[in-house]
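J.: Chains A, B and C, in that order, give the protein sequences.
First residue of the first sequence: 617, per the working numbering; consecutive thereafter.
First residue of the second sequence: 617, per the working numbering; consecutive thereafter.
First residue of the third sequence: 617, per the working numbering; consecutive thereafter.
Simulated from the structure, these hints should not be mistaken for lab results.
Just so you know, not all the hints are guaranteed correct.
Chain copies aren't distinguished; within one or between two, either way the pair holds.
Said to hold, decoys possible - Calculated cross-link-like contacts (lysine to any residue; reagent style SDA-like; alpha-carbon spacing at most 25 Å):
(1) Lys637 x Leu733
(2) Lys788 x Glu775
(3) Lys788 x Leu677
(4) Lys788 x Leu733
(5) Lys637 x Gly618
(6) Lys788 x Asp656
(7) Lys637 x Asp724
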Amino acid sequence: MGRIVFITGGARSGKSSFAQKQAEACPGPLLYLAAARIEDAEMADRVRLHQAARGERWQTLEEPLDITATLREMSGYGAVLFDCVTLWLSNLLFHHREDQARILAAVDDLAATLPRLDVPLFLVSNEVGSGIVPDNRLARLFRDLAGSANQRLAAVADEAWLVAAGCPLRLK
Amino acid sequence: MGRIVFITGGARSGKSSFAQKQAEACPGPLLYLAAARIEDAEMADRVRLHQAARGERWQTLEEPLDITATLREMSGYGAVLFDCVTLWLSNLLFHHREDQARILAAVDDLAATLPRLDVPLFLVSNEVGSGIVPDNRLARLFRDLAGSANQRLAAVADEAWLVAAGCPLRLK
Amino acid sequence: MGRIVFITGGARSGKSSFAQKQAEACPGPLLYLAAARIEDAEMADRVRLHQAARGERWQTLEEPLDITATLREMSGYGAVLFDCVTLWLSNLLFHHREDQARILAAVDDLAATLPRLDVPLFLVSNEVGSGIVPDNRLARLFRDLAGSANQRLAAVADEAWLVAAGCPLRLK
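Could you put the whole structure together from the sequences, leaning on the hints where they help?
T.: Here it is in C-alpha cells:
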C-alpha cells in the first residue's frame with residue numbers, strides 16, 4: 617500500500633522542493649504529475665524552471681483534469697508527485713463552469729482513490745485563505761474550494777505538512 | 617472557572633469544525649454564539665449549512681455587537697462557541713465608523729471578561745494578514761484590527777490553536 | 617559567532633514584539649535596523665508607535681537599501697533587530713526597477729554575510745503568499761520574491777519561527 621503525503625504552504629514557501637526531496641528518498645523512477653494547462657509565458661517559464669531543477673530521475677506527465685483516472689492507471693514508479701491541487705481545482709472550476717458540487721465530487725473521488733494506490737504519492741497544495749476576503753465572487757469561490765479540498769485530502773493522508781520559509785511543520 | 621480556547625486559521629481551514637468537536641466533548645447543552653449580521657444570500661446560505669451541520673445539542677444565538685455583555689449573562693450551558701471574532705470586528709468597524717480606538721477598547725473589554733466566565737468558551741477567529749498588503753485603506757485597517765484582536769484574545773486564552781487543512785497545530 | 621534568528625508571520629501577528637523580546641534577552645545596547653523609507657503619514661505613524669514602544673535600550677538606524685553593508689560595519693551592540701525583510705525587498709524592487717535577478721542577488725549577498733557577523737541578529741519578515749493569487753503582476757512578483765527571500769534567509773538561520781496570534785511556532 618502506498619504512503620499518502622499531503623503538503624501545503626503559501627506561494628514560494630518551499631513546498632514543492634520539500635515534496636521533491638521526500639519523493640527522491642523513495643527508490644525507483646519518479647513521476648512528476650503536473651496539473652498544468654500552460655496558458656501564458658509567465659506560467660511556461662515557471663514550469664520550465666521547475667523541470668530543469670528536478671533532473672534525470674524524473675519523468676513528467678501533464679494532465680489538467682483527469683488526475684484520479686491517471687493515478688489509477690499509474691504503475692512502475694517508485695513515487696509520484698502531484699503538483700498541484702489548487703491548479704487542478706482552477707482547471708476544474710473552468711471546465712465545470714463554476715459548478716461547486718461537481719468540483720467537490722471530483723475531489724471526493726480523488727480522496728476515495730488515494731488509499732487504494734500502491735505507490736507513494738506526494739500531493740502539493742496551496743494555502744490561499746489567509747489573506748483579506750477577496751472582492752470578487754470567483755476568487756471567494758476558489759478559496760472556499762481550495763480550503764475544502766485541502767481538508768478532504770489531508771483527512772485521507774498518512775502525513776500532512778505545512779511549509780513556511782522552506783521549513784516543514786508537521787500537521788499530522 | 618471556564619477554559620478559554622482560541623482557534624484561528626484561514627478560510628475553510630476546518631477551524632469551526634475543530635471548535636465544534638472540542639465543544640461537544642463538554643457535557644451539557646451547547647450554545648453557538650454567532651456574530652452574524654446576515655446581509656446577503658451568500659452569507660445566509662453559509663449560516664444555514666453550518667446550523668444544519670451542528671445538530672440538536674446546539675442552541676443558536678445571534679448577536680452582532682454586544683458579545684461581551686451576552687457572554688457575561690450566559691448561564692446553564694456546558695460550553696459556548698463564539699463564531700467568529702473577525703465577523704464581530706467587521707460589525708464593530710461599521711458600527712463605530714472605523715474608529716480604531718473604540719474597536720480595540722471593545723476587544724480589550726472582551727479579553728478582560730473572558731477569564732471571569734464560568735463556562736468553557738471556544739473562540740473562533742480568522743487569519744487575514746498573510747496575503748499581499750491590500751490596496752484599499754479599509755481592508756488594511758481591518759487586517760490590522762484582526763491581527764491585534766487575535767493577539768489580545770490568544771494572550772488571555774488557556775489554549776490557542778492554528779488550523780490548516782483540517783489539522784490543528786497547538787500555538788499555546 | 618552571532619546567533620541568527622529568522623522570524624516570520626502575517627500582518628500584526630506579533631512577530632516584531634516577539635523579536636524585540638528575544639533581542640532584549642541579550643546583554644548590552646540594542647540596535648533596531650529599520651528598512652524604512654517613510655513615504656506617507658500612515659507609515660510614519662506606525663514607525664513612531666513602534667519606536668515609542670521599544671524604550672531606551674534601543675538605538676534606531678534607518679537604511680532603505682544597503683542592509684548587508686550596514687550589518688558588516690556594525691559593532692558594539694548586544695543584538696541587532698532588522699525589521700523587516702519585506703520592506704527592504706519592496707525598496708529593492710523600486711530601486712532595481714523590478715529586476716528580479718539583481719534583487720535575489722542582494723538577498724543571497726545578505727544570506728552569505730549573516731553567518732560571518734559576530735552579533736546576534738533577529739530578522740523579521742512577513743508571510744505574504746497565503747492569500748489568493750493577486751491580480752496585478754507587480755504584486756505577484758513581490759510575493760514570489762518575498763517567498764524566495766524567506767527561504768534563503770531561513771536556510772542560513774540558526775532558528776526560524778512562525779508567529780500567529782502572538783504565539784511563536786518553532787519552524788527550525
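J.: Would you mind marking each hint as holding or not holding in the structure?
T.: Hints and how they fare:
1. Lys637 x Leu733: This pair counts as within: shortest intra-copy Cα distance 21 Å, inter-copy 31 Å.
2. Lys788 x Glu775: both (5 Å within a copy, 19 Å between copies)
3. Lys788 x Leu677: neither (29 Å within a copy, 34 Å between copies)
4. Lys788 x Leu733: Within one copy only: 20 Å inside a chain, 33 Å across chains, cut-off 25 Å.
5. Lys637 x Gly618: Within one copy only: 17 Å inside a chain, 30 Å across chains, cut-off 25 Å.
6. Lys788 x Asp656: neither (36 Å within a copy, 37 Å between copies)
7. Lys637 x Asp724: between (27 Å within a copy, 22 Å between copies)
Of the hints listed earlier, those the structure fails to meet are numbers 3 and 6, in rising order.
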